[in-house]
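Student: Let the hints inform the model, and build the full structure from the sequences given.
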Amino acid sequence: MSWKNAFSSSVGKKIQMALTGLFLVLFLVVHCYVNAMIFWDDNGAKFTEAAHFMGTNVVIRITEIGLFAFLILHIVQGLKLWAQNRSRRNTRYAVSAGNATSKWYSRSMGILGTLILLFLILHISAFWAPNRASQTMGNGELDLYAMMRDAFQSLFVVVIYVLGCISLAWHLVHGFYSAFQTLGLAMNKYKGIINVVGVAFSIIVPLIFALMPIAFYLHWIE
Amino acid sequence: MEHYTMNLTLKVWKQKNKNEKGRFETYQVKNVSSEMSFLEMFDVLNEQLIAEGKEPIAFDHDCREGICGMCSMYINGRAHGPWHHTTTCQLHMREYKDGDTIVVEPWRASAFPVIKDLVVDRQSFDRIIQAGGYVSVNTGNAVDANALPIEKHMADEAFASAACIGCGACVAACPNASAMLFVSAKVSHLAMLPQGSPERKERVTNMINQMDKEGFGSCTNIGACEAECPKGISLENIARLNREYIGAMFDGGSQNAK
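Chains A and B are the protein sequences, given in the same order.
With our numbering applied, the first sequence covers 1 to 222.
With our numbering applied, the second sequence covers 1001 to 1258.
Read the hints as simulated data drawn from the structure, not as lab findings.
Don't take each hint at face value.
[Unchecked claim] Pairwise CB distance ranges, derived in the manner of DEER restraints:
1. Ala83/A / Asp1043/B: 41 to 47 Å
2. Asp1043/B / Arg92/A: 54 to 60 Å
3. Glu1035/B / Met187/A: 56 to 62 Å
4. Arg92/A / Asn1019/B: 43 to 49 Å
5. Phe1250/B / Leu122/A: 37 to 43 Å
6. Glu64/A / Glu1095/B: 26 to 32 Å
7. Ile121/A / Asn1019/B: 40 to 46 Å
8. Arg1023/B / Ala126/A: 48 to 54 Å
9. Asp1126/B / Met187/A: 26 to 32 Å
10. Ile121/A / Lys1021/B: 38 to 44 Å
11. Thr1101/B / Val30/A: 52 to 58 Å
12. Arg92/A / Ala1058/B: 49 to 55 Å
Quantities reported herein were computed from a predicted structural model and do not represent experimental measurements.
From the three backbone atoms N, C-alpha and C, an ideal C-beta is built for every residue, glycine too.
Tutor: Here it is as structure tokens:
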């Protein structure tokens, strides 16, 4: 089998989704860890220090390019698979099994992913993009802590962020297990532990993210 | 269980041939015994239609004991009906009560075109088997069955995968119309045995290539196939297929693959 063949086949595309997905899971861990430093309630000192490292370290900045490449591959391949799979059944069933044979979130990865994408566009243009633009123009880093504090005074913004986190949580409940199944690691022996870790991850990480805008809005941190 | 009879309303998919558009037709079936199988109920309905001078409903069936994989009805939104680990022929009318309405559709997938009414063309499965679902042996005397030692648990797992009857319920149930559970069962049962091991890399490559060519969807690990499989083929087979495929990607031995 040629490598080209391996990546263009249906199983090859699955593997691409799994590997890029797992990389994005790793990214979530780092992003969550760094941002959770706002909870020190030290007026953002610890957070700003960590954000400065993430924004200026050469290795991190190179990894960031890879992150965007993987994110785009995950999105493009995911949407293509979604459209392709829908076309594999020309006449739809009059009566469908619904939740009797599968979970709604497993069937809704395309929609959940699209919601996350819409959220990401807003999120990146609110924080990452202006900060990097300022750096590039030689004006230095922006005060991200102050930007967060100001942005999360609006209830509308907080609701959007919480909805983004809920979409992420459901996407992860299926995605985490699914990545291991795709890589052939979800044998019955390991299925239990993969599911427990996957569900715990899907609850804890989005919950910590959701608490950030809520904490600023409710003035738990200033 | 008490025997009873029932009158039913059936909404059945009628389609003249592959090219014509199908539609639902409504039928009334009277005095159906609770001890009939689902297909016997269809026999009664067809006798009734013949007596009335109407065209009977075409449906697939053969052994009627749940082992051949011919019967294929999508009943009230469920492949092979609501019973667990059951083919349509083994579904019995005691599941239903008087006055029920039952909607019966054919398997729906672009790779399984409707031939007539509830009969679909599943030759795409045959072509996947032809692509690699075999073991090459030299002709001559049959080898002694016990000449090759096989671990008990491997033999059991290979047997569990070999239980697949190729009915296509996995494809019918899958929201993506993917054939991965079928292909994974066939790849697994041969890969786990020493006789199938030498050709495993070519096998998985060629069978996946053929599966893609036939126009099945791709697997997104939803799991509806496992829930509907009459033979209880496990999703673990798909994990094994993926591992086999990844192994073939890294190995030069699969160069013979088409």
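Student: It remains to establish, for every hint, whether it holds in the given structure.
Tutor: Taking the hints in turn, this is what the structure says about them:
no. : hint                             : result
1   : Ala83/A / Asp1043/B: 41 to 47 Å  : holds, 42 Å
2   : Asp1043/B / Arg92/A: 54 to 60 Å  : violated, 29 Å
3   : Glu1035/B / Met187/A: 56 to 62 Å : violated, 42 Å
4   : Arg92/A / Asn1019/B: 43 to 49 Å  : violated, 19 Å
5   : Phe1250/B / Leu122/A: 37 to 43 Å : holds, 41 Å
6   : Glu64/A / Glu1095/B: 26 to 32 Å  : violated, 58 Å
7   : Ile121/A / Asn1019/B: 40 to 46 Å : holds, 45 Å
8   : Arg1023/B / Ala126/A: 48 to 54 Å : holds, 52 Å
9   : Asp1126/B / Met187/A: 26 to 32 Å : holds, 30 Å
10  : Ile121/A / Lys1021/B: 38 to 44 Å : holds, 41 Å
11  : Thr1101/B / Val30/A: 52 to 58 Å  : holds, 55 Å
12  : Arg92/A / Ala1058/B: 49 to 55 Å  : violated, 22 Å
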